[in-house]
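Residue numbers (numbering that gives the first Met the number 0), protein chains in the order written: chain V, 0 to 434; chain G, 0 to 434; chain P, 0 to 434.
Derived from the structure by calculation, the hints contain no laboratory data.
One thing to keep in mind: the hints can contain errors.
Said to hold, decoys possible - Label pairs and their calculated CB-CB ranges:
no., chain 1, residue 1, chain 2, residue 2, range
1, G, T185, V, N304, 40 to 48 Å
2, G, D125, P, N106, 20 to 28 Å
3, V, E405, G, N106, 19 to 27 Å
4, V, N55, P, R32, 51 to 59 Å
5, V, N55, P, E232, 42 to 50 Å
6, V, S63, P, R203, 58 to 66 Å
7, V, Q199, P, R276, 38 to 46 Å
Here the structure is a predicted model, which means the values were calculated and not measured.
Where a beta carbon is used, it is the ideal one built from N, C-alpha and C, also for glycine.
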Amino acid sequence: MATEIAARLEAELARAAFVDPHSHIDPHAPAARSLSDILGYHYYTELVHSAGVPRNSIEGAGLSAEARVANIVAGLGALTNTIQYAWLMEIARDLFGFTADHLTSSNWHDLERRVRERTATPGWADSVLRSSRMEAVFLTNDFDDPLEGFDTATYVPCLRVDELVFHLGKPGVLERLATSSGVGVTDIASLHAGLAATAQRFVRRGARAAAISLPPDFRPQRVEPGVAGRAFEDIRRHGTQASAESRGVMAADLFWTVAECCDEQRIPFDLMIGVRRSIYSCGVYQGQDLLDGRLSLAEYAPLFNAFPRVAFPVSVLSQPLNHELVSYAWIFPNVYPFGHWWYANTPSSIERDLEQRIEAVPRTKLLGYYSDMYKLEFGYPKFAMYRRVLAKVLAGRFVEERGWSEEQALSLGLDLLVNNTRRVFYSAGEPAADS
Amino acid sequence: MATEIAARLEAELARAAFVDPHSHIDPHAPAARSLSDILGYHYYTELVHSAGVPRNSIEGAGLSAEARVANIVAGLGALTNTIQYAWLMEIARDLFGFTADHLTSSNWHDLERRVRERTATPGWADSVLRSSRMEAVFLTNDFDDPLEGFDTATYVPCLRVDELVFHLGKPGVLERLATSSGVGVTDIASLHAGLAATAQRFVRRGARAAAISLPPDFRPQRVEPGVAGRAFEDIRRHGTQASAESRGVMAADLFWTVAECCDEQRIPFDLMIGVRRSIYSCGVYQGQDLLDGRLSLAEYAPLFNAFPRVAFPVSVLSQPLNHELVSYAWIFPNVYPFGHWWYANTPSSIERDLEQRIEAVPRTKLLGYYSDMYKLEFGYPKFAMYRRVLAKVLAGRFVEERGWSEEQALSLGLDLLVNNTRRVFYSAGEPAADS
Amino acid sequence: MATEIAARLEAELARAAFVDPHSHIDPHAPAARSLSDILGYHYYTELVHSAGVPRNSIEGAGLSAEARVANIVAGLGALTNTIQYAWLMEIARDLFGFTADHLTSSNWHDLERRVRERTATPGWADSVLRSSRMEAVFLTNDFDDPLEGFDTATYVPCLRVDELVFHLGKPGVLERLATSSGVGVTDIASLHAGLAATAQRFVRRGARAAAISLPPDFRPQRVEPGVAGRAFEDIRRHGTQASAESRGVMAADLFWTVAECCDEQRIPFDLMIGVRRSIYSCGVYQGQDLLDGRLSLAEYAPLFNAFPRVAFPVSVLSQPLNHELVSYAWIFPNVYPFGHWWYANTPSSIERDLEQRIEAVPRTKLLGYYSDMYKLEFGYPKFAMYRRVLAKVLAGRFVEERGWSEEQALSLGLDLLVNNTRRVFYSAGEPAADS
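If we strip away everything but chain V, and leave its shape as in the complex, we get:
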């Protein structure tokens, strides 16, 4: 019974068009062009590597795309249980008409041919968007991205600030900031001005959010200008050789300044909390980062308190932290639970996290899901997975246990899938709360 209700709700949810509020799509090459583009997604490379395929069979100099694909496919047998493999087969079947039950060494050339042919047809990217019911996709743009040459209504810019905040001392970063912002960066004041100009440029070009990923030991705090100035001097002179203290102070100061820019520009600031970079340094590309659950959102209270007008869509990488996220979103008007990120983006984790969120956080604040994808094709199975879990939770927790009608449950589901993303990211200027 609950199963049938869920199936009906899923079908209804699947009719709704929506915005994907976070991805890594390249607007100049949004869709895959080959099977290599699809199997090159880090989920496949890292999982076949985890299952025993050597790194140099997956990537590295001298490896042909053909060999790379063959080696990854040869490793897929170990992954047939994973949800990531299910995404792959759903793409193969529904977007490319591939009908075999599994992708194997003896049939991948057929899928490769299909991918090359279909993705070469005019309007392929748009047709994927239509198949997926996506109206728009948020991007992840470097601070000096010119944001030119694409339709920013469909591919919505988002100012990603990790590089500026954490790697200001790397060769070229300051110069790129000066050039792209048009601000000569010579001291802390002009550094802040350069950042403000960057945010302004982004918003003028249609950006609807800033975003950052944060390590578990990051501590948001306002930095005194004098302290920040000395740290900047150290970094300007010594680059990546500046002291750890200077780099820490600089990161805190720049992070805080980005929040100020979001406040001025009235855009949300997406926080993706808890990633430890390069934990497995011999891993494949993008398969080296992990998590560390030893943190509390209590550390972010100074930020949430200081910027009541900034909406903070928050993702946590450690699944047990979902309960804190629920609680902080329950209390702080400007904290929004945001999707299901990376290692927590699998059905059973989504189900648990969603159940806690949907029974305790106002329905207007639940930013249901984002794809985090690099190629458009992945929006199709990822959102389908999310809708399945959402429909299951709505059917079980609301229709069955709380006696809701299916119409009421559907309406709640659409808040998570469609409406809240629209309202939170498209109402720039409207404060989260005036208390």
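Assemble chains G and P onto chain V, guided by the hints.
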């Protein structure tokens, strides 16, 4: 099938009278008198604020009760998914005969009228107790509460010690202790004597527990008398300006002394672990506190070891800590999992926590639920919610998966709902274990 | 429907023979000889103690086996809800033909008689292995165990190193190492040589793994030989009175050296992470240890990075850490989620942990379950419990939700129950990954 078994078990559980072992009821005004009393529960004020209603529309000088209710009601549309809204509608329907599906700006005057009329009838509080099947309700009493003028068999005193333990230096606290205990508090020895006299007075007046809520960084430990004495001197002289160290030492010493009093008086000491106060300082009244999961019950082992005769009903605020709570209750004879507290008091969190507890902790030690309510009416939907989850877990995990009869499952459910509370809190003097 | 699918899958899984990759079986007395052997399992002694039976009624000088059993049985009424009690009744019924619904003071002599009679029959241990479908059982052997007098194909040695790593300074340990390894241990180099000789002796005698349990604050790291040498000198001279620093350095150095030995010998190194010993020092034997969830697997990254050829089957004691375990096994080729340990070894915790693992970690890496048992009889109900949960997850998450055939689901289940244990522990010499 499991659904039908659960429905039958829920109906049977609902026939049982029980004691609510923790609330914030004022015995002189136990029930609501108006809709404002009901909507003033922090769950509604904090959640509508979280959803965007400004604080000064909810509380503050010059706001009429009428305007306050109207503003909160206007915000309820954003909360219809929350379990707290479900409590509200269950109260409105079952206790006040309100039949609309939702509480809105156009119909709240009807509910307001119903609440005023019914709550003004003689014996309303008793009728709520009867409707809810509550035989007695534990209170939360300040250390200097005279405990006079009410029936302590129905409204059972409980000595709440947060103020003494953590705020001894606040103006008036020491004087109130001296006055209420009849002990002239001049040094550490007389301070301890004042506390002992207070505990004794409470127990003579029918108190059945002491209770405290604790921040995540609290570390129980015995303090040497000399060290405690010096800290007390600092606090006596400098009040809230005493050093952080003195205040920390004083809190540890007084906490330990309360445990000694519980040992002497043979009453349980309720520990509610993990709250960070005033995290969101601009939040509404009672909607400013949050949690921080970075703690371990290992820090409480010295306490559990030192007081084997004291029963410690333990609540944790961070849901992931439930697994530690289960494990500590599994090993320590004097540790009892106690209800489902605050941010963990929602159906899916209760279900997960209960499932872990009920399969691993002796059935005699599971203190199922308490209301934590401020007005009697909330005991009705809260315990109903708990019974629904309990019935679901009994049906699924015991009848279906383990082949228990429904009678056996019901008997287990009654241990959690009824029997254990009776035995643990009403057998003062009986040791938890003599090892 | 899912229930029926699960029942069919469970029946199929129950036909498969498997290896139990971790236990505490004594190969010279593998099976119980009396009811006391069964009820002496720490789960029963600690749980009846937790429920109020005094320690001196359970163990201690002068207590007859009869009195001990009577006292434990008298406490069982408080545990009928626990899964551990369900194990006991399943053993009583299926292995000993005991038909009463409960074990009570009035019927335990019947079970006691049955246990004595049946366990005294020739070939009892083998018949338990057959009933349980166990082909082999891994042991937990002290470093100086002669490993003689039993069939190491059935009772597979495993080098347990806790004592060497953490208690090298205890009287007799160094001498026992010297004697058993044949290496005169006089300095850090010969200490390492003694360890290497021990590992070599174990592997020659059929050992297929090394294993250790680790406290939550342990930090794997390579130690400089000079530093290790000075720590060893301190320990050699002062034994358990050596400085805490020396003992910490020594533990880190020896742990790292064991990993080197596993690399040389091509055997897995089982890590059982997160136990705090003797937290409840007045508890019953083996009922004094608990957990502390304040750790991250990030601390183990240096180890996983340094030994890419060593397979690390990892168990975590704190249930919330399962998500980190899943994530680390998803990325690191040499990290394998290993069973469901101790306080996390109950059905609802297994179900949650298994759901997260089975949807995200390659199917070839999931080491499903081990018994951790002290007497063979417990393998029967424990693996039965695991198969029930496994069948439920396969039925719900794969057959129902993902449309798998039951044959496909069964095949996946057999990877966890049978195949992976065989491959990971029986392919000594095969690297986990050559990156």
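Verification of the hints:
1. T185/G x N304/V: 40 to 48 Å: Since the Cβ atoms of T185/G and N304/V sit about 41 Å apart, the hinted range of 40 to 48 Å holds.
2. D125/G x N106/P: 20 to 28 Å: At roughly 47 Å between Cβ atoms, N106/P and D125/G fall outside 20 to 28 Å, so the hint is violated.
3. E405/V x N106/G: 19 to 27 Å: Since E405/V and N106/G have Cβ atoms about 24 Å apart, the given range 19 to 27 Å holds.
4. N55/V x R32/P: 51 to 59 Å: holds, 56 Å
5. N55/V x E232/P: 42 to 50 Å: 44 Å Cβ-Cβ, so the 42 to 50 Å window holds.
6. S63/V x R203/P: 58 to 66 Å: At 45 Å between Cβs, range violated.
7. Q199/V x R276/P: 38 to 46 Å: Given about 59 Å between the Cβ atoms, the range is violated.
Figure legend: structure checked against the earlier numbered hints; hints not met, in rising order: 2, 6, 7.
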